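*Asks:* The primary structure of each chain is shown beneath.
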Amino acid sequence: MITRRIALAGLVALAATPALAQTAQITGAGASFPNPVYQRWGEGAKAANIQLNYQSVGSGAGVNQIRNRTVDFGATDAPLTQQQLTEGNLLQFPTVMGAVVPIVNIPGVAADQLRLTGEVLADIYAGKITKWNDPRIVELNSGVTLPNLAIAPVYRADASGTSFVFTSYLAAVSESWKSSVGAGTSVKWATGAGARGNEGVAGTVRNTRGGIGYVENAYATQNRLATVQLRNKAGQYVKPTMETFAAAASNANWNVPGMAASIIDQQGANSWPIVSPTFILLPTNPTDAAKTRAVMRFFDWAYTNGAATARELEYIPLPETVQNAVRSAWGQIRVDGQPAWPAR
Amino acid sequence: MSATTSPMPNSSVPGRAKDRATSEALGRRRARADAIVRVLCTAATILGLLFLASILLTLIIRGAGGISLSVFTNVTRPPGSHGGLLNPIIGSIIQVFLATIVGTPIGMLVGTYLAEYAGESRFGQVVRFVSDVLLSAPSILIGLFVYQILVLPFGGFSGWAGIVALAIIVIPVVVRTTEDMLRLLPNTLREAVIGLGAPKWKMIVLVCWRAAVSGIITGVLLAVARVAGETAPLLFTSLGNLNWSLNLSQPMSSLPITIYSYAGSPYEDWITLAWTGALIITLGVLGLNIAARSVLRARR
Amino acid sequence: MAQVAVPETLEAAPARPTTRKGSGTGDTIFAFLCRAAAALVLVLLGAIIVELFLGGLPAFKAFGAAFVTSTEWDPVQEIYGAGVPIYGTILTAILALLLAVPVAFGIAFFLTEMAPDWMRGPVGTAIELLAAVPSIIFGMWGFFVIVPVMAGTIQPAIIDTIGELPLIGSLFQGPPFGTGLFTAALILAIMVLPFIAATMRDVFLQVPGVYKESAYGLGSTRWEVMRKVVLPYTRISVVGGIMLGLGRALGETMAVTFVIGNANRITPSLFGPGNTIASIVALEFGESGAGSLKLSSLLALGFLLFVISFAVLALSRWLLRSRLKG
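Chains as they are written, first to last, in the working numbering: chain Y, 1 to 344; chain B, 1 to 300; chain V, 1 to 326.
So that you can see chain Y by itself, here it is in the shape it has in the complex:
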């Protein structure tokens, strides 16, 4: 402990410049989807005299906290509408993008072997396709022997950004899903069982013969779960890889209110269809301007220095043009009549 303090003191002394001599402590709360990458950025940003405390309590809670100003910034996977932003005096900007991938447990079917379309996936989760050897699945998978086994769909029991991204995709590709269920952090599932967290979904799929679930990509990779190929908008079957995620991200249109680009079901032959950005919320009328500036400094640092870390954790960093757009958006926040960014 003592050594740690000394080390910390040394660090502070080392990095100290007259203007930034003190370490800024910032507290954020919200989305669980980007949690790992924020944690890593927080570790790195200590060198820039910013100490981050980020708690992944869920997007909804993150929005509540920043509305009530109990934290310095909120984080959410589901973007707020322009009206919500105005009402809450909030500025919204994206940080990174991530992918959601379906996982399966079908005896005799290898990882990335099964091919699915969005419509079939939606009908599985709607309870309309109940057997793995359903003609509609067999039709997509010539050469794969599919067992006569009941499909056991697994979803996130806890309301989560991952569910929001996944159901947004299902709603985008299936008219009937859009009209009967819709997209949300939790929805009215027609069939299957829920499990808590990525670990819960993966565990339940692993336990259940015929199980299918969806998890964040990093989780599937780290645990070598059996993922599937999905047919994208261009009609191509793609595997979940960093290349297909990046291909999807490269087509995004960020020039929308709240910078809430939708990357779900993007054009492009090589695009993975379930990719989504995650967002930060900042008060436009900050009560503690120093904290708000520190949050900006933190994400400025992260944009500049954090891309490699993000890739390492299988997130997709923002293109530089978008980063610069975010920086100029920060300038809209005014403190004592002065733009809060760039910080003097």
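No lab work stands behind these hints: they were computed from the structure.
Everything numeric in this text was worked out from a predicted model, so none of it was measured.
Note that the Cβ used here is the ideal one computed from N, Cα and C, for glycine as well.
Check before you lean on any hint, since a few could be wrong.
Stated by the list, open to error - Selected chain Y positions facing chain B (in silico; Cβ < 7 Å):
#1 55
#2 179
#3 180
#4 199
Use these hints to put chains B and V onto chain Y, whose structure you have.
*Replies:* The following block gives chains B and V in isolation, referenced to the frame of chain Y:
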């Protein structure tokens, strides 16, 4: 069924004993019933012990591998950078300790009121009932309540808010055991003390509390055990803190919250840390229990 | 409310002796402190209930009395009903008690009447230690140990045998996820087991030795002594111990969230996924915006949980009274 008991059902008349066959058949049936019940009860006990063994074994298998010095010396860090659990451990100890300090006296006073003062009064009945309801209040709602009264108005999450939430959970557990234990004391004890001319409060504090101390301590231990593992009431009160902080006015880390968030994470080292944390918290609570018990036994 | 709390049997405490003389300042202060603490508990619960009711008011207004019975829960359409979580809460709690009480009684009987002296301390302590295991640990253990066993062995076996029977078969059907209402009840049962067992043991031990000895002297077996002497003598406290367990089962949150499967539909099968009030609040609260109908509905659910707790406790006290009189 009446409370007046006869040890042998259907056989209270001496005349029937003359019929030897009936008597022996009855005896055999009674012995058989007794044997069956005894086998079942032994099985039940073994089952209970098996549950505990299975939990401990699971924790050890999954968590013991992660135990190293760095778990206790390092603070929480991002995946892949050898983080530890120092701040959650310290944060949990502080919050649980202070919550017990706050909640126990209140709970004891309420329990004492119910056992020694309330009698059959309506107020006593209501308080007893309310305390039982509080006992079953889902802890997340208590966290939510504290969020509304302490976090929102005072502009932020804090260790204090977590302590208050935990203390509210401690109170009804202590109330119930204190009242139960005081009620089990024989009235002759009270009469003897009062007969000596001692004021009532001295009788309660010096005699009744002391006589019931083992039961009350058991109650407090149950309460500590319950709050030490509580996650839900801390989620929206003390929130958690990734950095080293002893400031109770700031968000404070705790072991259950760290376990809760790490267990659902995609990273191998975080998941291992979650199991290690689970092992630590369980061993800590169990160790505390055993220690308190042996102290208790030594005093007797 | 009936005067049930004060036992009329030979047990513990009839009217307390009161000091007529010497009730000086010390007594006044102490009595005041006790009374104030009691009042604080009252105010605390009142404040929680009022807070929840006010928070849930928009949901009650939006959906009316149908909120309590409606089984609809659609966050996208913003339609909420409490039917499924209420059903799940009551079903899992009752199932848990059905599973736990006989085992708890067995343990208490073993510890007080059967076990050799050297065994009582360690075994009793071990059972009590089970109560000390934090609920999140039960959740993790349940998910990683019980659920795979349920999914791999127990549920398929039951589904293939009992599930085929008419009538009761429908209770045991569906895909064997391993999670679901029955698994949740099982975990709850294990969690409340030590509470009930420890209380039963403690109160069994309070039975004066002479009563038991005289029964044994008449040639009673241990089971007869338990049934005819110990249980009648201690039944109020035994029910108190069961209440302690029921209280925990009704409000238990974290362990249930791991295994309940969070489905907002009523399935006839006990193996199907479900919900309890506490679990849905925990699982959905993080994603409920301030001022949203969803948050309000969750608070309304919390309020209903208190109502259920009230009803269950009141009922049990009423039952206790009729047993006492009968």
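*Asks:* Tell me if the interface restraint on residue 180(Y) is satisfied: Cβ within less than 7 Å of some Cβ in chain B.
*Replies:* Hint violated; residue 180(Y) Cβ to chain B Cβ min 29 Å, cut 7 Å.
*Asks:* May I ask you to test the interface hint for residue 55(Y) with respect to chain B, counting a Cβ-Cβ separation under 7 Å as satisfied?
*Replies:* holds (5 Å)
*Asks:* Interface hint check: residue 179(Y), Cβ to nearest Cβ on chain B, cutoff 7 Å. Holds or violated?
*Replies:* Hint on residue 179(Y): violated, closest Cβ of chain B at ~32 Å, above 7 Å.
*Asks:* Next item in the hint list is residue 199(Y). Is there a CB on chain B closer than 7 Å to its CB?
*Replies:* Constraint on residue 199(Y) satisfied, holds at 5 Å.
In the structure shown, a violation is registered for the earlier hints numbered 2, 3, in ascending order.
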